[in-house]
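Visitor: Residue numbers (the working numbering), protein chains in the order written: chain A, 87 to 289; chain B, 87 to 289.
Derived by calculation from the structure, the hints in this document are not laboratory data.
Remember, it's a predicted structure, so these values are computed and weren't measured experimentally.
It is possible that some hints are incorrect.
[To be verified] Here are the in silico distance ranges between beta carbons for each label pair:
#: 1; chain 1: B; residue 1: GLU140; chain 2: A; residue 2: ASP236; range: 33 to 41 Å
#: 2; chain 1: B; residue 1: GLU136; chain 2: A; residue 2: LYS157; range: 22 to 30 Å
#: 3; chain 1: A; residue 1: LEU233; chain 2: B; residue 2: THR161; range: 36 to 44 Å
#: 4; chain 1: B; residue 1: LYS162; chain 2: A; residue 2: SER243; range: 38 to 46 Å
[Stated by the list, open to error] Lysine-lysine pairs mimicking DSS-like chemistry, simulated, CA-CA at most 25 Å apart:
#: 5; chain 1: A; residue 1: LYS184; chain 2: B; residue 2: LYS148
#: 6; chain 1: B; residue 1: LYS212; chain 2: A; residue 2: LYS148
#: 7; chain 1: A; residue 1: LYS193; chain 2: B; residue 2: LYS148
#: 8; chain 1: B; residue 1: LYS289; chain 2: A; residue 2: LYS184
#: 9; chain 1: B; residue 1: LYS173; chain 2: A; residue 2: LYS148
#: 10; chain 1: A; residue 1: LYS216; chain 2: B; residue 2: LYS289
#: 11; chain 1: B; residue 1: LYS263; chain 2: B; residue 2: LYS253
#: 12; chain 1: B; residue 1: LYS157; chain 2: A; residue 2: LYS148
#: 13; chain 1: A; residue 1: LYS216; chain 2: A; residue 2: LYS255
#: 14; chain 1: A; residue 1: LYS157; chain 2: B; residue 2: LYS162
#: 15; chain 1: B; residue 1: LYS173; chain 2: A; residue 2: LYS157
#: 16; chain 1: B; residue 1: LYS193; chain 2: B; residue 2: LYS219
#: 17; chain 1: B; residue 1: LYS141; chain 2: B; residue 2: LYS270
#: 18; chain 1: B; residue 1: LYS219; chain 2: B; residue 2: LYS148
#: 19; chain 1: B; residue 1: LYS216; chain 2: B; residue 2: LYS255
#: 20; chain 1: A; residue 1: LYS212; chain 2: B; residue 2: LYS148
#: 21; chain 1: B; residue 1: LYS270; chain 2: B; residue 2: LYS148
[Unchecked claim] So these bits of chain A aren't anywhere near chain B, every CB distance computed over 12 Å:
#: 22; residue: ARG196
#: 23; residue: ALA231
#: 24; residue: ARG271
Positions of the beta carbon are idealized from the N, C-alpha and C atoms, including for glycine.
Protein chains: 2
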Amino acid sequence: MTVKYPNGKTFETKKPIGTQADKKIVSAKLHKSAANRGMGLEYDLNLSNEYYLEKNLCLVTKRPTPINIVKVDYTKGARITNAYFEKQSTTDYNGVYKGRYLDFEAKSTRSKTSFPLANISEHQIKHLSKVIKHGGIAFFIIEFALLNNDTYLLDASYIIDFINKEKRKSIPYEDVKKYGHQIKRGYNPRLDYLQVVQEVYFK
Amino acid sequence: MTVKYPNGKTFETKKPIGTQADKKIVSAKLHKSAANRGMGLEYDLNLSNEYYLEKNLCLVTKRPTPINIVKVDYTKGARITNAYFEKQSTTDYNGVYKGRYLDFEAKSTRSKTSFPLANISEHQIKHLSKVIKHGGIAFFIIEFALLNNDTYLLDASYIIDFINKEKRKSIPYEDVKKYGHQIKRGYNPRLDYLQVVQEVYFK
Numbered sequence: 087m088t089v090k091y092p093n094g095k096t097f098e099t100k101k102p103i104g105t106q107a108d109k110k111i112v113s114a115k116l117h118k119s120a121a122n123r124g125m126g127l128e129y130d131l132n133l134s135n136e137y138y139l140e141k142n143l144c145l146v147t148k149r150p151t152p153i154n155i156v157k158v159d160y161t162k163g164a165r166i167t168n169a170y171f172e173k174q175s176t177t178d179y180n181g182v183y184k185g186r187y188l189d190f191e192a193k194s195t196r197s198k199t200s201f202p203l204a205n206i207s208e209h210q211i212k213h214l215s216k217v218i219k220h221g222g223i224a225f226f227i228i229e230f231a232l233l234n235n236d237t238y239l240l241d242a243s244y245i246i247d248f249i250n251k252e253k254r255k256s257i258p259y260e261d262v263k264k265y266g267h268q269i270k271r272g273y274n275p276r277l278d279y280l281q282v283v284q285e286v287y288f289k
Numbered sequence: 087m088t089v090k091y092p093n094g095k096t097f098e099t100k101k102p103i104g105t106q107a108d109k110k111i112v113s114a115k116l117h118k119s120a121a122n123r124g125m126g127l128e129y130d131l132n133l134s135n136e137y138y139l140e141k142n143l144c145l146v147t148k149r150p151t152p153i154n155i156v157k158v159d160y161t162k163g164a165r166i167t168n169a170y171f172e173k174q175s176t177t178d179y180n181g182v183y184k185g186r187y188l189d190f191e192a193k194s195t196r197s198k199t200s201f202p203l204a205n206i207s208e209h210q211i212k213h214l215s216k217v218i219k220h221g222g223i224a225f226f227i228i229e230f231a232l233l234n235n236d237t238y239l240l241d242a243s244y245i246i247d248f249i250n251k252e253k254r255k256s257i258p259y260e261d262v263k264k265y266g267h268q269i270k271r272g273y274n275p276r277l278d279y280l281q282v283v284q285e286v287y288f289k
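Please work from the sequences and hints to get the whole structure.
Guide: Set out below in structure tokens:
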């Protein structure tokens, strides 16, 4: 059976999805693709980070999703049989470039006009404020999925200021273009954000 | 019922552990305490990191344990019903201090004479080599649990050199004392490794 997703990708299931229970009990990969609109962006960033690592340009890793484990069954070789997702209290990515600490969150939006701030958790804002306080480089990578995946690096301090000063609940696309820095897409790296980091923070 | 662990800690279970299956299907917290000898060290480091964060001294976070999710049951509100532990391909901790990138692994040993290198995975050595290559600060925190929890910061390059040059499979305690830097224990922070980082890497 073929399942279609909002992002246009399809997924082959091993057996037809029949009953209501079957529909709800699906593999986590399926869940991730469907629920996480940033999957394409995450994939592109992971490939870019692999490229940077191979070329000895920087070392950036993705933090694993925090999971609270309730039960482990050792009769099946440490199989986790009961657990739930925890909210990430930090950001998705961090690493090192020329000795400096980098920390960023990547978000994709399907809005064509603005970036909704509801995409960002208060924890992430607090975390990135602390990164700045300790001299690290903190930013967001924002993708407009329905605008040809147009993607920008936006310094975290801009978003923090926006949240503190503005009453609006989203940053207009025009402002992201104006105050952010467009990230080039290509074959390899897929999303060359490091070039922008170099230009913005090291010149 | 009270369960005793090798580290001397006890754990109260809610009901008596009876059958063989019961013995094997236990909570993950139980598992963690029993399996991970570094639990005390991890706890001390997490408290120290909280202290540093409160005092605005540095920002260091622990990476979540990577878990491979096989099945999620949405009938119970996104409950993970089948998953297994993945090997950590990086280290446990990273963060930022005065703009610089820090990355380290914490290990506790019950040996009284040496630190067994079997405690360190090849992935971790590769990861820390890359951290050094990109100008980050990379080290190990090594605790000798049975020597009054005597704890040292040992630069990662020392261990990498040791592995490359020496045939021995453990670093003698005397060498850890000689080439490492003792970390003071106290009430708060529990384990003041940042003081050592300041002395070793910022002077």
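Visitor: The structure should be examined with respect to each hint, and the outcome stated for every one.
Guide: Consistency of the hints with the structure:
Here the CB-CB span from B:GLU140 to A:ASP236 is close to 40 Å, well matched to the stated 33 to 41 Å. Remark: the range hint 22 to 30 Å for B:GLU136 to A:LYS157 is upheld by a beta-carbon distance near 28 Å. The supplied range of 36 to 44 Å is met by A:LEU233 and B:THR161, whose beta-carbon atoms lie about 37 Å from each other. For B:LYS162 paired with A:SER243, a C-beta distance near 41 Å keeps the hint of 38 to 46 Å intact.
Restraint check for A:LYS184 and B:LYS148: satisfied, since their Cα atoms lie roughly 22 Å apart, inside the 25 Å limit. As the CA atoms of B:LYS212 and A:LYS148 are separated by approximately 17 Å, the hinted pair is consistent with the 25 Å bound. The suggested pairing of A:LYS193 with B:LYS148 holds, with an alpha-carbon distance near 23 Å, which does not exceed 25 Å. A hinted pair counts as satisfied when its Cα atoms are at most 25 Å apart, and B:LYS289 with A:LYS184 qualifies at roughly 19 Å.
In summary, the hint linking B:LYS173 to A:LYS148 is supported, as the alpha carbons are separated by about 15 Å, within the 25 Å threshold. This hinted pair checks out: A:LYS216 and B:LYS289 have alpha carbons roughly 24 Å apart, not beyond 25 Å. Restraint check: the Cα-Cα separation between B:LYS263 and B:LYS253 comes to about 20 Å, which is no more than 25 Å; the hinted pair holds. For the hint pairing B:LYS157 with A:LYS148, the CA-to-CA distance comes to about 22 Å; that is within 25 Å, so the pair holds.
For the given pair, A:LYS216 sits about 23 Å from A:LYS255 by alpha-carbon distance, which is consistent with the 25 Å threshold. The suggested pairing of A:LYS157 with B:LYS162 holds, with an alpha-carbon distance near 15 Å, which does not exceed 25 Å. With a C-alpha separation of about 19 Å, the suggested pairing of B:LYS173 with A:LYS157 holds against the 25 Å cut-off. At roughly 23 Å between alpha-carbon atoms, B:LYS193 and B:LYS219 fall within 25 Å of each other, so this suggested pair holds.
Between the alpha carbons of B:LYS141 and B:LYS270 the distance comes to roughly 18 Å, so the proposed pair stays at or under 25 Å and holds. Restraint check: the Cα-Cα separation between B:LYS219 and B:LYS148 comes to about 22 Å, which is no more than 25 Å; the hinted pair holds. Simply put, B:LYS216 and B:LYS255 have alpha-carbon atoms about 23 Å apart, close enough for the 25 Å limit, and the pair holds. A hinted pair counts as satisfied when its Cα atoms are at most 25 Å apart, and A:LYS212 with B:LYS148 qualifies at roughly 17 Å.
Simply put, B:LYS270 and B:LYS148 have alpha-carbon atoms about 21 Å apart, close enough for the 25 Å limit, and the pair holds. Every CB of chain B is more than 12 Å from the CB of A:ARG196 (nearest about 22 Å), matching its label as outside the interface. Here A:ALA231 stays apart from chain B, with its beta-carbon at least about 24 Å from theirs, past the 12 Å limit. The non-interface label for A:ARG271 is consistent with chain B: the shortest C-beta to C-beta separation is roughly 24 Å, beyond 12 Å.
Checked against the numbered hints given earlier, the structure satisfies every one of them.
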